[in-house]
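Given only the sequences and the hints, what does the whole structure look like? Please build it.
Numbering (this note's numbering), first residue to last: 1 to 450.
Keep in mind the hints are simulated off the structure, nothing from the lab. C-beta atoms are modelled at their ideal positions from N, C-alpha and C, and glycine is treated no differently. There could be a bad hint or two in this list.
Claimed, not checked - Ranges between beta-carbon positions, derived for each pair: (1) Arg192 x Arg88: 54 to 60 Å; (2) Gly415 x Leu145: 37 to 43 Å; (3) Tyr408 x Gly271: 34 to 40 Å; (4) Lys446 x Ala186: 54 to 60 Å; (5) Gln352 x Tyr312: 51 to 57 Å; (6) Ile439 x Leu145: 46 to 52 Å; (7) Lys17 x Lys220: 26 to 32 Å; (8) Pro405 x Trp215: 33 to 39 Å; (9) Gln352 x Tyr441: 46 to 52 Å; (10) Leu331 x Gln352: 27 to 33 Å.
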Amino acid sequence: MDNKQATLELGTKPVGKLLTQYALPAIVAMTASSLYNIIDRAFIGQLVGPEAIAGLGITFPFMNLSAAFGAAVGVGASTCISVKLGQRDYKRAEYLLGNTITLNLIVGFTFMVVSLLFLDPILRFFGASDVTLPYAREFMNIILLGNMVTHMYFGMNAVLRAAGKPRHAMYATLFTVACNVVLVIAFVWWFRWGIRGAALATITSQSLALCWQMWQFSDKKEILHLKRGIYKLKGDLVRNIIAIGISPFLMNLCACLVVIFMNNQFVRYGGDMAVGAYSIANSVVMMLFMFVMGMNQGMQPIVGYNFGAERYDRMFRCLWLAIGSSTAILLTGWALSMLFAPQIARIFTTDQTLIDMAARGIRLNMMVFFVVASQAVITNFFQCIGKVKISIFLSLSRQLTLLIPMAYIFPLFWGLDGVWYSMCASDFGSFAMTIPLLIWYMKKLKRNGQ
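Below, the structure is given as structure tokens:
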């Protein structure tokens, strides 16, 4: 099947089959990506020590901040491309591909330079202590030097999905994961390069995958392919990319601010070991959330295309299927985490104090985590159809509007446990805010005769 036929199928093929076709590769890719992060942390925790796990936890805000800028370009561009393909405006879709590459290079380079210049003060602000700072610095020096590669890799994967190539996006991620695992074993276990080896493994594997992605886009038979004249930034295209990408940007930026604040709260109420427990619990949560992110990535081209083609029945059908599937996945993950929290914590460390603290943190953090599925899918839905203000509001509600005030107030009454309680309370609060907005939008469409 050629690329054009695959694109047209977004408006004709049964929605259930389409969502499986697009979401399954994305889920496999996102879960595998999360798995190699867990493998990194497991090797570091087992071979370097609990302090290194805490140091790695300090780098989460940096990773979220980098992801925020990458999402502003990658998600914004892929959504615009999906809509243009739905409108069969193939020329504009090609220009969007070229502008995506240029923007990723500019943003990636700027972020790298600024971050490296002020690395130590930034890490201190993120919650690093004298013990954890050397580990965090060693890891981020390597990651930041490869930042342009990381931005381009994730951006091109988003465009592959938008262009009707979800399997190719999955292949790129699976290759990255497999390569990273092999290199982590070599660099961390065999050569004993410690936390620096884990960072080198990540950047090397992403660089190799990026070469393959660019080769895919060099095929002139495809609707979207690399050619001269598409790389010069066009104001209207950049504005459209940023307008849609601002929602995932703010979501990731909020995640960055939240982790900074939470790291400092954990240090305040539980010390460096509590930061290590948060790092472990956060790894488990993110692995489960990758299923939802994969579902969101799978539904994005389907919803975007059918919104552009004004096929609203298909658009909502995709939404309901994504919500149901995501909730079922998180319910399964919730049950497993509640039953086997100590066993999960032992994957990352042999330190019994850290195991006990992480196991309790996993259970408290995951208390109502399954409601996040519908909140995240609906937020992504509004982003896919260009309802940026609603998407931004919902993104901010869970991570900023609710979580930070709760994480400040709850520990005053419950100490360290209060920091954990704030996370599940904000999950439920944001879920309660999301459902009425979806009902309002559906009624609005019905009033307009659509």
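Here is what the structure says about each hint:
no.	hint	in the structure
1	Arg192 x Arg88: 54 to 60 Å	holds (56 Å)
2	Gly415 x Leu145: 37 to 43 Å	holds (40 Å)
3	Tyr408 x Gly271: 34 to 40 Å	violated (18 Å)
4	Lys446 x Ala186: 54 to 60 Å	holds (58 Å)
5	Gln352 x Tyr312: 51 to 57 Å	holds (55 Å)
6	Ile439 x Leu145: 46 to 52 Å	holds (48 Å)
7	Lys17 x Lys220: 26 to 32 Å	holds (30 Å)
8	Pro405 x Trp215: 33 to 39 Å	violated (48 Å)
9	Gln352 x Tyr441: 46 to 52 Å	holds (50 Å)
10	Leu331 x Gln352: 27 to 33 Å	holds (30 Å)
Consistency with the previously given hints fails for numbers 3, 8, ordered from lowest to highest.
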